[in-house]
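Protein chains: 2
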Amino acid sequence: MKATLSDKVIKRLTLYHFILTECINHGLEYISSPKISELLNIDNSQVRKDVKLLDNQGKCKVGYSVRELKESIEKKLGFKQKKDAFIMGAGNLGTALLKYDDFKDYGLNILAMFDNDPLKTGMIINEKEVFHVSKFPELVKKMNVEIGILTVPSKYAQDCADFMVKSGIKYIWNFAPRVLKAPKSVKVWNENLIGNFLQFIVNEDVRNEEK
Amino acid sequence: MKATLSDKVIKRLTLYHFILTECINHGLEYISSPKISELLNIDNSQVRKDVKLLDNQGKCKVGYSVRELKESIEKKLGFKQKKDAFIMGAGNLGTALLKYDDFKDYGLNILAMFDNDPLKTGMIINEKEVFHVSKFPELVKKMNVEIGILTVPSKYAQDCADFMVKSGIKYIWNFAPRVLKAPKSVKVWNENLIGNFLQFIVNEDVRNEEK
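Keeping their order, the protein sequence lines are chains A and B.
The first sequence begins at 35 in the numbering used here and counts up by one.
The second sequence begins at 35 in the numbering used here and counts up by one.
No lab work stands behind these hints: they were computed from the structure.
Check each hint, because a few of them may be wrong.
Same chains, same names: a pair is fine if it fits in one copy or spans any two.
[Claimed, not checked] With a straight-line cut-off of 27 angstroms between C-alpha atoms, the simulated DSS-like cross-links for lysine-lysine are:
(1) Lys215 <-> Lys117
(2) Lys176 <-> Lys117
(3) Lys86 <-> Lys154
(4) Lys176 <-> Lys83
(5) Lys93 <-> Lys154
(6) Lys204 <-> Lys83
(7) Lys83 <-> Lys154
(8) Lys154 <-> Lys45
(9) Lys83 <-> Lys221
(10) Lys204 <-> Lys45
(11) Lys86 <-> Lys162
(12) Lys42 <-> Lys117
(13) Lys154 <-> Lys133
(14) Lys162 <-> Lys114
(15) Lys109 <-> Lys189
(16) Lys95 <-> Lys189
No experiment lies behind these values; they were computed from the predicted model shown.
Produce the entire structure from the sequences given, and follow the hints as far as they go.
Encoded structure:
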């Protein structure tokens, strides 16, 4: 039976995945739960509990099979399902995301970027083309793209989101710091870089005061 | 009494903050909890519960005072505490973050960026200088900077983190997809862009299957 996972579980599973990738790079075949918990400074029981959420069979006396545990996390988090995406907004953040090749390891395949600035149109960045926004609806349909990554300035975000929805986009990954209106059939994920980081600092300060 | 907040509460409070900022830009003085819940497609009771976590006094018959609610969120999440930071790694992501002026609204003040590439050293980006890494320890002390934003490629991340710790950095905001070792006195926040987004998509698909 499938079930949704909490943000904290997702976060930990992704960190385990980072560790397992490192292990493979260093030729290690097995890793124990105490080793993982030590690296992340969390409880061993937490690691065991998280692993129980996966359909992982690769456990023996010396620990988990690195490769099998890695694969079971990838399956659970959908890392291996290929997902095509377009970026809307060829600014600094859009360009950084377009150049970020690590996304491919997670199945996220960014095909192209769009902007309304004619100076940017036609540029090739990281082997991907920057198209004029007017090409967006046609290419969404032609390439069957469901994911739109929105990296335009805040004040244009709603108009761009409306345009993406009208063009057939089903999932919007929104980097603009504002709430977007969208029909229920379209899912919006609001990225919240600064909020999480600042609260991390605030929470750490609270913990220090308590000591 | 202060208490740590869950990631989900932080996320919602930041979204309320986005909405309240929009209200101020449009000259609106009051907003009701049903209006907020409608915009975010969540339960009204959830909004009321979250607001109870704040020391917010600005409630009347027509709803919350936009300005007071905004300020109480800023206080709770530490948006108004000024925090100086340096970026390590003048690649695309580092440059995007350096140019991202919205951080200032949350008190995060990025002062400079560092890289070991002599071609980048001396460049001015968004009125901020790119220094050679060798200047890092001296400037951390001189400018009393506690936050280091790590945007170097994964394979250099641990060495750079060690160097930042040795230089006196107390909080590392890590964008490299790997787990960093650091002494307990240094807090590491692992940014996890792709993990959260992909899981959002996977969870949405699970929800759709259940329908």
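Numbers of the earlier hints that this structure fails to satisfy, in rising order: Of the numbered hints, 3, 4, 5, 6, 7, 8, 11, 16 do not hold.
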